[in-house]
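Chemist: Listed here are the chains, written in short residue letters.
There are 2 protein chains.
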Amino acid sequence: MTTTDTSAAELDDSMRNGVDTAALFATLDAVKQAPQAASFQFRAHNQWLSGTHNRGTIADFFGVGEERTHERSFVFDADHPAVLVGQDQGPTPVEFVLHALAACLTAGLANIAAARKVRLTEVRSTVTGDIDLNGILGLDPEVRNGYQQLTVRFTIKGDAPAEKLRELVEQSQARSAVYDIITNQVPVTIEVDTP
Amino acid sequence: MTTTDTSAAELDDSMRNGVDTAALFATLDAVKQAPQAASFQFRAHNQWLSGTHNRGTIADFFGVGEERTHERSFVFDADHPAVLVGQDQGPTPVEFVLHALAACLTAGLANIAAARKVRLTEVRSTVTGDIDLNGILGLDPEVRNGYQQLTVRFTIKGDAPAEKLRELVEQSQARSAVYDIITNQVPVTIEVDTP
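Keeping their order, the protein sequence lines are chains F and R. Quick note: the first sequence uses this note's numbering, first residue 1, plus one each step. Quick note: the second sequence uses this note's numbering, first residue 1, plus one each step.
Identical copies go unnamed one by one, so any copy, or any two together, can satisfy a pair.
Using 25 Å as the maximum straight-line C-alpha spacing, the simulated SDA-like pairs for lysine to any residue come out as follows: (1) K117 - T21; (2) K117 - F25; (3) K164 - D20; (4) K164 - V192; (5) K32 - F62; (6) K164 - Q47; (7) K157 - T194; (8) K117 - T194.
Hint data in this document are derived by calculation from the structure and do not stem from the laboratory.
The shape of chain F in the complex, shown without the other chains (with noise of 0.2 Å):
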């Protein structure tokens, strides 16, 4: 790298991949203070529409102590292909599933990187589900619901060795939500009202 390569960014220490490493450091800090403030509650809000076609909001959450929203309301549609039975207006539910893993060890190996001082230049991801549906179809009771197996393929370019590139994976994969929620179990509780 010659030096008309560096960038404003690298000339501020504390920015780097995009990441405001001073605001993040200030963050952990402030939690290890006030671990309560970690405590967050997200939530996802559906409304059905035709058949397997329904529409998602997500906006409020809760965190840091106080009810908030995001800057704006994002929504997002899910349906079944035709091979499914729907009409396509979304992506199917499974395949948001492998979008949040994917952004998740993303998100979390920019963030990594930047403590360590890695500057990377390309991260891309490929997350693929092996579903077997005659689980859901009912049509089998031996085989599962849900995937089979999940694969995660990244291609990352920075300023390391490749070791200390793997490094970084292997750290946001220790530090994953999304990663943990999916190789690990947790409890849903179901509510219904009918007025």
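The hints should help you fit chain R onto chain F, whose structure is shown.
Modeler: Then chain R, alone, in the frame of chain F:
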């Protein structure tokens, strides 16, 4: 319900709740004859943009013996809100998991209602997920990275007694791919290429 409320869809017994039940049952029969048709692979592609901001694309999948693509590519940004040192360019990855669960249970509910000849008029839900970020922040080894618990609250209206509407949710839960993924364990393999 008076006769003037009778919709065209109800007059055609194969369409109910926007579900083509004839196609649904035909699909079930086809998979019974050729169980390998139910082997699907779903995929999500992700590109890191800056900091915790990254972009997922859902387009291609494999199913019923061949490579397929959705009617269009679906693109979703993910990010962290400012309070979590991001730019709030999209929901957090963990919020996409909540959306996936609501979408999966709702799609299944509509299919099951159609199969059971229940006409739904409204299905709304909110999924909440409680998470202690001391886990992902690495500040407390006793705290898991993912959600402690999820709660799904449905409001359902339709032309069936409350008990029958509740049974639709129970069956949807029993056949939900995302519910299984979250409440049970899915193995995840991560590969890293550093070209």
